[in-house]
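Residue 340 in full-length UniProt numbering is what sits at position 340 of the sequence shown, and the numbering runs on without skipping anything.
Think of the hints as simulated: they come from the structure by calculation, not from any bench. Where a beta carbon is used, it is the ideal one built from N, C-alpha and C, also for glycine. Wrong hints could be hidden among the right ones.
To be verified - Derived CB-CB ranges, DEER-like: (1) A331 x Y61: 19 to 25 Å; (2) D286 x S52: 50 to 56 Å; (3) R109 x Q298: 25 to 31 Å; (4) R136 x L53: 33 to 39 Å; (5) A331 x A268: 26 to 32 Å; (6) E26 x G112: 48 to 54 Å; (7) K143 x R76: 31 to 37 Å; (8) A137 x R109: 54 to 60 Å.
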Amino acid sequence: MKFIDEVRIHVASGNGGHGSVSFRREKFIPFGGPDGGDGGRGGGVYLVAQASLNTLIDFRYQRRYRAENGHGGAGRQMTGRAGHDLEIKVPVGTLVYDDDTRELLGDLRTEGERLLVAQSGRGGHGNLSYKSSTNRAPRQFEKGAAGEERNLRLELRLLADVGLLGLPNAGKSTLIRAVSAARPKVADYPFTTLYPNLGVVRVATHESFVLADIPGLIPGASEGAGLGTRFLKHLSRTRLLLHLVDMAPVDGSDPATNIRALEAELAAYSPALAQQPRWLVVNKSDLFPEDEAAARFQQIREALQWQGPAFLISAASGAGCEALVYAIWQALPDLPPAPDPKQSEDWSDESDEYEVLEDWQGDDLDADWEENEA
Numbered sequence: 001m002k003f004i005d006e007v008r009i010h011v012a013s014g015n016g017g018h019g020s021v022s023f024r025r026e027k028f029i030p031f032g033g034p035d036g037g038d039g040g041r042g043g044g045v046y047l048v049a050q051a052s053l054n055t056l057i058d059f060r061y062q063r064r065y066r067a068e069n070g071h072g073g074a075g076r077q078m079t080g081r082a083g084h085d086l087e088i089k090v091p092v093g094t095l096v097y098d099d100d101t102r103e104l105l106g107d108l109r110t111e112g113e114r115l116l117v118a119q120s121g122r123g124g125h126g127n128l129s130y131k132s133s134t135n136r137a138p139r140q141f142e143k144g145a146a147g148e149e150r151n152l153r154l155e156l157r158l159l160a161d162v163g164l165l166g167l168p169n170a171g172k173s174t175l176i177r178a179v180s181a182a183r184p185k186v187a188d189y190p191f192t193t194l195y196p197n198l199g200v201v202r203v204a205t206h207e208s209f210v211l212a213d214i215p216g217l218i219p220g221a222s223e224g225a226g227l228g229t230r231f232l233k234h235l236s237r238t239r240l241l242l243h244l245v246d247m248a249p250v251d252g253s254d255p256a257t258n259i260r261a262l263e264a265e266l267a268a269y270s271p272a273l274a275q276q277p278r279w280l281v282v283n284k285s286d287l288f289p290e291d292e293a294a295a296r297f298q299q300i301r302e303a304l305q306w307q308g309p310a311f312l313i314s315a316a317s318g319a320g321c322e323a324l325v326y327a328i329w330q331a332l333p334d335l336p337p338a339p340d341p342k343q344s345e346d347w348s349d350e351s352d353e354y355e356v357l358e359d360w361q362g363d364d365l366d367a368d369w370e371e372n373e374a
């Protein structure tokens, strides 16, 4: 299965039905007046958010959609049947743009939310509507109005409360495996993660939040290096970013320098995203004795002059993960909501396609830590 987060489609509503030209003809009423009915309206086109969908792949195989036309009117003042509305299912989190004007038409964030994207054509008037004191037998009628046509651009942005940000091999996928039931691929080479992953972190029976893991960024990503910044849009809906850093990179680079480089890439991509609340999470403490790990953690904080929340963890062993998760859970209610989407910044001609390995739902947090410790 492919993960596709951008598509272009064409939608057209139904045309209105034509009005009818008819005259009343009954016994003993040889010269009855006009009784032509109006045409029915055409069907409209709606996009409907559906939580069971997580990709726009279906739109690769059908890109043109048209609603039913309205039926024509008839005698005896009968109005034509309206055309059936067309409902197109899209994933929750889909942004809808007019592809010609680049106007944002809607943001479908909740299950069942509907957005009208093509207004139905109005039905035409029958000759009954043209009757007057001077025109007793009108033969005029009105044709149904043409339906609306639109070129749309659909952009899927995953809905998550918390986003993971970091260099390749910082341990983002390992962390999301440690605290949720998501099972992204983990390996000891860069860019193991090629598409976004979501994990549901269950803190209590009825308390949870959603964590998003995106492919790693590298210096120069804003100019297209590595996988570029194409997936950063999936962090735009988050309320909190976790900046995950490897405290002992295998290439010998300085963790503080790596953090500054990613901050620069984030600001180059979106100044608004760079201003979101961000916590520092230093990973791989299990590689050093406890005292040395704590000393390295403090050195990183001092080098950055970091004033915000900071955590020392080991995603591989689970050390420090519980404290991090509960701190996030307690902070989320007080964090501002994600900003509303604005004009699309990336108006590329190609959609992104990536493989989705599986769908999942999170389990209890304690059970996951027990599994990691086993």
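If you check each hint against the structure, which ones fail? 1, 2, 3, 4, 7
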